[in-house]
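Undergrad: Each chain is listed here by its residues.
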Amino acid sequence: MQTEIKNEWIYEQSPNEVWAYLTQADLMALWLMPNNFVPTLGQEFQFITKPIPSLDLDGIFHCEILELVPFQKLVYTWKGGSGDGIFSLDTVVEWSLEKHGKGTKLLLKQWGFKETNLAIFNAMTNGWNQNVLKMMNHLNEKK
Amino acid sequence: MATQTFDAFQVIADPSRRQMMMLLSRDSMTINRLAENFDMSRPAVSKHIKIMYNAGFISITDIGRERYCTLKQDGFNELQNFIDYFDKFWASKLKKLETILNNKQNN
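Sequence order for the protein chains is A and B.
Each residue of the first sequence is one higher than the one before, counting from 47 in my numbering.
Each residue of the second sequence is one higher than the one before, counting from 21 in my numbering.
In short, the hints are calculated from the structure, not lab data.
There could be a bad hint or two in this list.
[To be verified] Every beta carbon over 12 angstroms from chain A, so not counted as near; a handful from chain B, in silico: (1) Phe58; (2) Val65; (3) His68; (4) Ala111.
[To be verified] With a cut-off of at most 25 angstroms between alpha-carbon atoms, the simulated SDA-like pairs for lysine to any residue come out as follows: (5) Lys113(B) - Glu144(A); (6) Lys148(A) - Asn122(B); (7) Lys155(A) - Lys113(B).
Just so it is clear, CB atoms sit at the ideal spot from N, CA and C, and this is done for glycine as well.
Could you put the whole structure together from the sequences, leaning on the hints where they help?
TA: Given below as structure tokens:
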């Protein structure tokens, strides 16, 4: 089962240009979401969008900058919930930039989707397979 | 008796419920058998079972005088929805960034 999101994109522009769109609040708002980003390590900021009822998210993503390497790497937390103070979504977003010819290869990763939950899910799937196997054995014995 | 409704994450947040689901992932079990594994009152076990049942994590079948609990997939699908949503979300945002960067160059 998938536990991590990975997305890669090639841009014609240089890493410096792409970096600006990842770290300047007004430029980030153009393609991502309105935000109050300040490029300082440990800085907290928010992205604000419309609520997403299907996921029970109130539309505010709470972030904190964990890593900041100019023109190369940016890591921040990405948390959200229904607004009751509990984060049902508690993940980390990582951006890495690499030179790609004249342009830039931008790699995005998002992880932390409740690994304990996924572990249970996997255990459960295995449990099911075993149950199905047991049932089939049982049926075969009956024949 | 009214039982509080929990979302999938709240259901799974409790260590006892997680343990119950781990046990049920191996095999279906009667409520009594399940309760034997926990150092808590029978009503407390029943309350956890009701919470898991309401959120779609287990089903309950009456066989004779026993009530059997079986794990169900519905509750777990909600967790997968988050991943699917953000996978698409980022792909569309990255595409949008490309459009914006390219338009800027043409101006």
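Undergrad: Now tell me, hint by hint, if it's right for this structure.
TA: Here is what the structure says about each hint:
no.: 1; hint: Phe58; verdict: holds (17 angstroms)
no.: 2; hint: Val65; verdict: holds (18 angstroms)
no.: 3; hint: His68; verdict: holds (15 angstroms)
no.: 4; hint: Ala111; verdict: violated (6 angstroms)
no.: 5; hint: Lys113(B) - Glu144(A); verdict: holds (19 angstroms)
no.: 6; hint: Lys148(A) - Asn122(B); verdict: holds (14 angstroms)
no.: 7; hint: Lys155(A) - Lys113(B); verdict: holds (13 angstroms)
The structure fails hint 4 only (numbered hints given earlier).
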